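Number of protein chains: 2
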Amino acid sequence: MELIKVAATSRSTAVAGAIAGVMREKGQVDVQAIGAGAVNQAIKAVCIARVYLEEDGIDIVCVPMFVEVQIGDQERTAVRLCVQRRWTDVEIS
Amino acid sequence: MELIKVAATSRSTAVAGAIAGVMREKGQVDVQAIGAGAVNQAIKAVCIARVYLEEDGIDIVCVPMFVEVQIGDQERTAVRLCVQRRWTDVEIS
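Residue numbers (numbering that gives the first Met the number 0), protein chains in the order written: chain B, 0 to 92; chain G, 0 to 92.
I should point out that these hints are in silico values taken from the structure, not numbers from a laboratory. Do not take every clue at face value.
Selected chain B positions facing chain G (in silico; Cβ < 10 Å) [stated by the list, open to error]:
| # | residue |
| --- | --- |
| 1 | Q31 |
| 2 | A32 |
| 3 | A35 |
| 4 | G36 |
| 5 | A41 |
| 6 | V45 |
| 7 | I57 |
| 8 | D58 |
| 9 | V78 |
| 10 | R79 |
Under 10 Å between C-beta atoms, here's a sample of chain G residues computed to sit facing chain B [to be verified]:
| # | residue |
| --- | --- |
| 11 | I57 |
| 12 | V60 |
| 13 | C61 |
Because the structure is a prediction, the values reported are computed rather than measured. Using N, Cα and C, we set each Cβ at its ideal position, and we do this for glycine too.
Using the sequences and the hints, build the whole thing.
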């Protein structure tokens, strides 16, 4: 799984481009952010990527969750946004 | 559609409880936030609500988008998180 790490200083349009690129190629991507500024940039990037991908007929959703990550010798709680195609997991039996 | 407005000072667990309540009853809810602090609380609330609702067998996703809102005489850009059951819209013809 590709992981895009977002900082408070990341440009949301640049992150959106990265999300859209991975979504087109792999169909899913995880976006990770620590702290309010970074989480804000990450979610804005998903908003923008959704518009980019709509043009390709790709409908995305995101599943937000907390994950514990090790930064140096510290454990921090990150927000991970699992970006997926809306219907990726549909199975009709 | 129910709309939950989140501020930077909102408690994410309280917002999560509200999201979970509306999701159980109506199956979808919009969560709206303006500014990095509020967006962070909103997304954290969705993370927590996801855990609450998993216990009920309800799998949620969120679709983030920008919306223009009028605050007094100013137009502001808000982030709206459309929280939905994962498969709400599935139609099999």
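Hints, one by one, checked against the model:
1. Q31: violated, 12 Å
2. A32: holds, 9 Å
3. A35: Constraint on A35/B satisfied, holds at 4 Å.
4. G36: holds, 5 Å
5. A41: Hint on A41/B: holds, closest Cβ of chain G at ~8 Å, below 10 Å.
6. V45: holds, 5 Å
7. I57: Because about 13 Å separates I57/B from the closest Cβ in chain G, which is outside the 10 Å limit, the hint is violated.
8. D58: holds, 9 Å
9. V78: Holds, because the Cβ-Cβ distance from V78/B to chain G comes to roughly 6 Å (cut-off 10 Å).
10. R79: holds, 9 Å
11. I57: With Cβ-Cβ at 13 Å, over 10 Å, it is violated.
12. V60: holds, 4 Å
13. C61: holds, 6 Å
Violated hints, in rising order: 1, 7, 11; the structure is consistent with all others.
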